[in-house]
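**Q** Sequence:
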Amino acid sequence: MKYWLLKTEPTTFSWDDLWKSPKRTTRWDGVRNFQARNYLRDDMQVGDLAFFYHSSADPTAIVGIAEVVRAGYPDESAFNPSDDHYDPKSKRDAPMWYVVDIRAKQPATKPITLAELREQKGLAHMVLLQKGSRLSVQPVSEAEWKLIYRLAFAG
DNA sequence: GCCAACGTTGGC
DNA sequence: GCCAACGTTGGC
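The numbering used here numbers the first residue of the first sequence as 926 and each following residue consecutively.
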């Protein structure tokens, strides 16, 4: 099983939105970055877990854990000319963009902020904390996962 | 609102 | 293939 971090702006789609979704499940669509696409298409598997991170928020923080409930499949929103995420370069017979389905699993006992994450020595190499890091789908190591879980989800 | 950093586009 | 210009991300 692998671990991940998914970024979202809560004004667009928040943890509460996910929690209130039917079956607490949503399609993680609209990702338009090739590296993130590769993770969605090739690496995320059913049962993988992901920290749910609020960016451009006050505060920016990890606020929950979601579980992958369907592995990568083509992003329909790329085919729809009236969708904000329409991309004419993506074809049905050669999809360019992919999604996974995720289900809310557990809210943070105490959300852990970006500033608090930066204080942790064990997280020095975490993708989220690297200078200029903008990836919206990121791998998280098992050690990073356990450390953050203990701080924000245990108890 | 500012702006640094990044990814993409397109001219050459 | 290079790289300047542009648009976007996202912390502050």
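Note that these hints are calculated values from the structure, not bench results.
These numbers come from a predicted model, not from an experiment.
Any given hint could turn out to be false.
Restricting the straight-line Cα-Cα distance to at most 30 Å, the calculated cross-link-like pairs of lysine-lysine (BS3-like) are [stated by the list, open to error]:
#1 LYS1071 / LYS1030
#2 LYS1035 / LYS932
#3 LYS1071 / LYS1056
#4 LYS1014 / LYS1035
Using C-beta positions, here's what the derived DEER-type ranges look like [as the list claims (entries may be wrong)]:
#5 SER946 / ARG1075: 23 to 29 Å
#6 PRO1006 / LEU1039: 33 to 39 Å
#7 THR936 / LYS1030: 21 to 27 Å
#8 PRO1032 / GLY1057: 25 to 31 Å
#9 ALA1040 / ASN958: 24 to 30 Å
#10 ALA1019 / ASP941: 32 to 38 Å
#11 GLY1047 / ASP942: 17 to 23 Å
#12 ASP983 / ASP1018: 16 to 22 Å
#13 TRP944 / ASP968: 23 to 29 Å
Ideal Cβ positions, reconstructed from N, Cα and C, are used throughout, including at glycine.
**Q** Can you list which hints this structure breaks, lowest number first?
**A** 4, 11 and 12
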